[in-house]
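Student: On the provided structure of chain A, position chain B as indicated by the hints.
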Amino acid sequence: MPVEVRLPTVLRQHAGGQASVQANGGTVGEVLEDLVRQFPATRGQVITEDGTLHKFVNVYLNDDDVRYLDKLDTKVGDGSVVSILPAVAGGAG
Amino acid sequence: MTLYTSVLDLIGDTPLVDVSGLSPAPRVRILAKLEGQNPGGSVKDRVALAMVQEAEKEGALRPGQTVIESSSGNTGIGLALVCKVKGYPLKIVLPTNVSIERRQLLETWGAEILDSPGTEGSNGAMRLAQRLAAENPEWWFPFQYGNAANPKAHYEGTGPEIWRDCPDVTHFVAGLGTSGTLIGAGRFLKERNSTIQVWAIEPPPGEMVDGLKNFDEGFVPPVFIENNGYELLDRKMIVGPRESVEWTRRLTDVGVLAGISSGAAMAGAAKCAGQIEEGVVVVIFADGGWKYLSTGAWTDDIDQVTERAKRIIYF
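Chain order of the listed sequences is A and B.
Everything in the first sequence is counted per numbering that gives the first Met the number 0, starting at 0 for the first residue and increasing by one.
Everything in the second sequence is counted per numbering that gives the first Met the number 0, starting at 0 for the first residue and increasing by one.
Since the hints were made in silico from the structure, they are not lab data.
One thing to keep in mind: the hints can contain errors.
[What the hints assert, rightly or not] Okay, the calculated beta carbon distance ranges per label pair: (1) A/Ser-19 with B/Arg-310: 15 to 23 Å; (2) B/Asp-300 with A/Gln-17: 13 to 21 Å; (3) A/Gln-17 with B/Ile-275: 33 to 41 Å.
Heads up, the beta-carbon is just placed ideally off N, CA and C, and yes, glycines get one too.
Here chain B stands alone, though its shape is the one from the complex:
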């Protein structure tokens, strides 16, 4: 046992667990990295801590300064934990259509929630945060989509941990949001072994794109573009809500209570396994299932849950 001086020291070094019992191919192992084991409950704790520490080092964030960020939940929760411990007031621009637990956790660690229309999704929340940050230059705006500390947290943490625990990895599968996990850990792994394939899994954009007037209003994260994401990724696939929920449920057969985006990532890992004869697929489970109990994901009728999942942001 180790004695930790701060809860922030518990961030990272997450376990890799064999879930090959769910692999469709007998000679393909699937290993899941359980990011839900982080103290704030998701992979985003790494990013939140890295962005804050980097800004402190550069002098961009000073004691007591207000922090503002947009988030569909996990980055906000990670920042809320880090900011609470370090004493920064925090404002999170949050789409209204996230699970109640995400909202409660933000409030638990003292974040002030600024509502953004659910129909505009993460895109709308990001735009609102950009506007508010521009209007209030005295606030610090980490902007996770464009912050180099985001992929760096995975290049220096997630990637090396995977390599340490499983140098036999042949395929790396993770959800795509800001692209920080895929870019950071994916690059680290490819530098160690250039034959490793990096697969991105994304949710269908759903109704959040309906409000766009034209394609020029679209967005690709600077983190993705500046790090040659187009070159780095080998595949990018959409996994829909029903399949995501089905795999989230299946994960409990091997004892894993993971979030719905982890079900989507696992669906992608299973597709990957189904297309190769042998190999080792490492998949990121971004968070645990606790925050989604209110959605009835495991207990209610699958059709109802799928309809509900279409209306909430679970990535």
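Just chain A, with the same shape it has in the complex:
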């Protein structure tokens, strides 16, 4: 089923400038694979060549970081939103 994938600024240039795209899959990993299928220039950026998440990328299912759910096997459902964000030094005090 299609889910919304929100892209960070650094990926938009590889997706026709879009901030949000539709992708298919039953898990977060499948959704990210479909993203690469649609936009080949994103290959290797979110998922590295060894099949794991890039260390400076966080992927969220709705508001939850998938690293602490079932990682790339985290199931997505109707109306899910998958967000890809760079890991940065946050609002640390």
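Tutor: Then chain B, alone, in the frame of chain A:
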């Protein structure tokens, strides 16, 4: 009553207060640790004091030496207090988009403020401080993101205090910045009871990530990586500005005037409570609300406040 010889002796030992009146689950208690009760007004007083004391002990910081650090406010304010009392000149690299009170407090305790572009957020301030510290090796740069004294302050202070006051704790919820609170207190609590869950709450990165050229420019705090943060955390969730402000307001219903990041943490604690049948959630309120009065967080239209919150750093 106790007589204290220095204001620095007032750091730590903060109160834990029951805010279960706001819990969505009748059998889940929520207890908030009010870090705003520290003399500099935030949880970061603990970290500032610990980093300075450790450096003094190691000889990395000598009398009268200049200190430089990046901060979106609270660490800077904590350091400003500690450095004022101990006589160290202090420079703080501060993003321009923080509340006016944060800036005023830094100036109050004599810190020199070096501006960093607001659009680059804490990330940009950190990079600038790293560069300036490298160019001026005679300065001492604590680097809170990579300083072992940061999580240690929570391992030896915050964590034991929670365990002393509430050994029934089942879930520990705190905001994620440097990760010092979660790593230090979280590890201490899990060592006492391995079933305790540790939940991290973070703000959306907002516009500060727009300037990144690629993912390799990202950053994960060394404090997090070196302490196996990926193993320690059980959940990590984003709470947005509107929800943060809503919960910050709700907290006043139980009499608590807390900062906006505390509203975010409380939103996370409420989500946690909503997902378990029973338990005791301990949540860290990193600072009080005083520093955010100028943002109109409690008094202005919620839509306006939310828009304003998107443009300032409140974590």
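Student: Each hint should be assessed against the structure and marked as holding or not.
Tutor: Comparing the hints with the structure gives:
1. A/Ser-19 with B/Arg-310: 15 to 23 Å: holds, 22 Å
2. B/Asp-300 with A/Gln-17: 13 to 21 Å: The hint (13 to 21 Å, Cβ to Cβ) is violated, given that B/Asp-300 and A/Gln-17 are roughly 32 Å apart.
3. A/Gln-17 with B/Ile-275: 33 to 41 Å: Between A/Gln-17 and B/Ile-275, where Cβ atoms are some 38 Å apart, the hint holds.
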